[in-house]
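**Student:** In UniProt numbering, the protein residues as written are 1 to 722.
A few of these clues could be false.
Claimed, not checked - Keeping only pairs whose Cα atoms sit at most 25 angstroms apart, straight-line, the calculated SDA-like set for lysine to any residue is:
no.	residue 1	residue 2
1	453	475
2	535	674
3	598	623
4	453	520
5	535	565
6	453	91
7	470	441
8	535	656
9	687	662
10	535	722
11	598	577
12	453	48
13	547	96
14	535	501
15	329	266
16	470	19
17	687	632
18	329	48
19	598	675
20	453	543
21	453	531
22	687	531
23	598	639
24	19	577
Quick caveat, the hints were computed from the structure, so don't treat them as lab data.
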Amino acid sequence: MSRFRLGVPSRLGTAKEPKWYWIAIIALPLLVLWHRDDALYTPPWFSDPWFYLGYFKNLVDFKRDLFPDAYFGSRLSWILPGAAVHSLFAPVVANFILHVGVHLVASLSFFAILRRAVSERAAFLGTLVFSLHPWLWAATGWDYVNGAGIGYLLLAMAALTRAAGREGGRRDLVIAGAALAGMVYAHLFWLPLSPLLPLCYVALAWARQRRSPLRLAFAGIPWLALGFGIVTLALGTANYAIDGQFWFYGLSWNAAMRASEVFTAAPGMWGSNGLEPWLWFPALALVTAAALLPLRLRQEKFPRMAPALLFSAQFLAALVWMGYLQSRKIAMLGFYHYAAYLIPFEFLVIGALFWKAVDQMSERTYLLTLCAAAAGFAAIWYDPAAASRLTAWQSAAIGAGLIAAGMASGRRTASTWLFLGGFLVWSAHALTQTAPLHGDRQEYRRIMDEREKVERARNHDRIMFWYDEKEPRSSEYRALCTLYLERRLSAAFPQQGCTVRVQPGTLIVVPSMNAGAAEVARRTLSDCWSASSMKAAVVGVDSVPRKEGPYTVALLRAVTDLSGQRALRAVIGTDGAGVLELASDGSAASFPLANWKKESSDASVLPAPDGVDVRTPHGDYDYTMAYPPLTAPVAGRYRFALHYSHGNNREFAFGAFPADNSRWWSVNTVGYRAGGAYEIAFSIDLKLGERVILRVANNNNYRDGRPASFRMLALNATVAPE
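Work out the full structure, taking the sequences as your base and the hints as a guide.
**Tutor:** In structure tokens, the structure reads:
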């Protein structure tokens with residue numbers, strides 16, 4: 001029987017590792033998932049990851065119609081891959097492929113980087129500890145963007161490290177540029193840190209090739225820019241196909257500029273038990289760099305230590321930047337999901353300095369070390385919530401003591417075992433902290449099954465949720481709601497349902513353990529919507545079995561209710577003034593569309609075979625056209641409705657002015673589907689003889705100088721007399 005050979009120490013850029021390392025890294029997630037796969041599921045109580053899952057499932061609908069102004073939809077380097085995977089596979093399978101895929105990209109890239117800095121042996125052990133790190137799984141095991149950002153970062157670094165180890169490397173530089181683009185477009189936070197990667201490439205290439213750093217930079221930047229540009233072009237083209245705009249990242253930039261407004265009370269880095277547990281490993285990397293780098297620099301030549309120096313410099317720069325933002329009340333370190341951005345940097349420092357002793361081990365001892373490490377991590381991942389019975393202080397002290405003993409013991413085998421012991425103690429405590437940050441498969445399946453039923457009923461219409469957050473296990477209701485960016489009437493069902501304006505056609509989703517919730521919601525909403533000529537109609541009720549107790553999901557639709565209203569027609573006199581008349585036959589006829597008058601030379605109002613083609617001015621809120629003044633024939637509540645077909649999906653305003661043109665009397669900027677077209681309507685109380693001017697204007701909240709366009713099909717009105 002032939003023996004396989006484990007890796008031996010190699011010089012920078014010349015590593016020739018056996019294929020088993022790559023295969024073993026691909027198998028590492030089994031040590032996490034072997035007993036339970038909770039690490040792959042988003043917790044139902046955390047909103048943002050569910051936002052992105054909503055985009056995965058409803059990409060075009062969200063960006064084009066429902067949430068065109070939401071900055072979440074601009075992070076296309078994460079959303080497009082997620083949407084592609086979810087379009088091909090069932091939710092549970094897609095979830096597995098996406099999260100394990102991101103984790104493996106990060107782990108394989110990490111190994112590819114580290115094996116060029118240290119030996120394959122040390123790199124593999126470092127990758128094992130990195131890949132099984134609980135806080136890394138907290139990032140890669142849900143649908144938030146931090147896991148994707150980590151994957152793109154490490155992929156870019158792997159390509160740059162490979163390019164630095166040989167002459168040329170243009171293909172690797174293009175790949176690195178593309179990965180850098182994916183990283184930045186996943187979260188704008190990465191932009192200030194992105195220069196660290198090309199600088200690391202230049203320094204590594206200089207250490208390996210002894211070429212001028214300026215020449216290396218000038219030779220490499222065009223290829224990096226090419227990769228970045230290719231991804232930008234691809235994402236821009238995809239975005240243009242979706243919503244008609246090429247530049248997709250403006251909303252993220254605007255959100256970043258408002259960060260100081262959002263983080264008004266940033267959580268600190270210190271909790272009731274001292275330093276927050278997600279910051280233990282960054283603190284370890286900082287101590288490691290301070291304690292071991294000077295010693296190693298005296299023992300080894302600079303070219304061999306260049307990677308460790310550069311990894312330490314990258315880590316320190318990232319830590320300083322995040323610390324600065326934390327001091328400005330932008331919680332980069334106070335929130336664990338933002339602090340996760342340090343994980344690649346901190347583990348590269350640890351990997352480059354901690355595991356040198358394995359190079360002197362026999363193959364048998366090394367294999368025994370790997371098996372013991374794998375068994376230890378598999379054991380603590382058996383039941384993450386119960387992985388450690390030690391308090392935070394006990395875990396911190398014991399783990400730190402073992403790691404310190406490992407540092408003091410030099411390169412002997414014992415140092416590696418002591419390091420691993422300390423990592424296992426800290427990782428066990430970390431698992432008790434990260435266990436609540438994961439959901440479970442049954443919960444995820446229930447939520448996604450209900451989403452499918454909601455989608456069939458919604459049929460591309462707007463949606464609102466109404467539930468009671470005080471009900472037991474109401475986090476499932478919230479997860480379902482956050483799939484639609486938390487659009488809700490309230491979280492206090494059956495109270496506060498009338499405080500949010502709702503358009504006709506909107507689907508109302510009411511999850512509740514109250515079996516009579518559907519009827520309660522119907523009565524309550526119909527009462528408060530009656531003044532807007534709407535009522536609630538129940539379209540379905542689904543029962544959801546659950547071990548903790550079943551609940552129902554009631555589906556209701558806001559429908560136009562014109563009962564008690566009289567149809568009107570418009571009569572325009574030769575003097576240009578108009579009057580409204582009650583239609584004798586009771587049918588609603590369209591007002592003459594030819595009477596609309598253009599109000600801006602920059603607007604376009606042109607007759608069309610079945611209506612009027614309208615393009616608003618370029619000014620953000622400029623008036624487009626007005627209808628002649630109309631006189632009310634009776635006192636009552638009037639409803640004016642404009643029917644149209646979409647043009648470029650930009651918003652416009654439709655409303656009423658008093659006769660003196662002094663202000664908007666009533667206005668609406670949100671249309672809704674009505675049959676095969678769209679309708680935008682508003683209601684207003686008028687007295688007998690009062691005159692009203694109907695007006696259309698641009699409503700460009702993007703402030704990008706673009707007009708709205710649509711085809712006006714009809715204009716009509718009704719009145720509920722007093």
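**Student:** It remains to establish, for every hint, whether it holds in the given structure.
**Tutor:** Now for the hints, and whether the structure bears them out:
no. : hint         : in the structure
1   : 453 with 475 : holds, 19 angstroms
2   : 535 with 674 : holds, 15 angstroms
3   : 598 with 623 : holds, 9 angstroms
4   : 453 with 520 : holds, 21 angstroms
5   : 535 with 565 : holds, 14 angstroms
6   : 453 with 91  : holds, 14 angstroms
7   : 470 with 441 : holds, 24 angstroms
8   : 535 with 656 : holds, 24 angstroms
9   : 687 with 662 : holds, 18 angstroms
10  : 535 with 722 : holds, 20 angstroms
11  : 598 with 577 : holds, 16 angstroms
12  : 453 with 48  : holds, 22 angstroms
13  : 547 with 96  : holds, 24 angstroms
14  : 535 with 501 : holds, 13 angstroms
15  : 329 with 266 : holds, 5 angstroms
16  : 470 with 19  : violated, 54 angstroms
17  : 687 with 632 : holds, 7 angstroms
18  : 329 with 48  : holds, 20 angstroms
19  : 598 with 675 : violated, 28 angstroms
20  : 453 with 543 : holds, 11 angstroms
21  : 453 with 531 : violated, 30 angstroms
22  : 687 with 531 : holds, 16 angstroms
23  : 598 with 639 : holds, 23 angstroms
24  : 19 with 577  : violated, 85 angstroms
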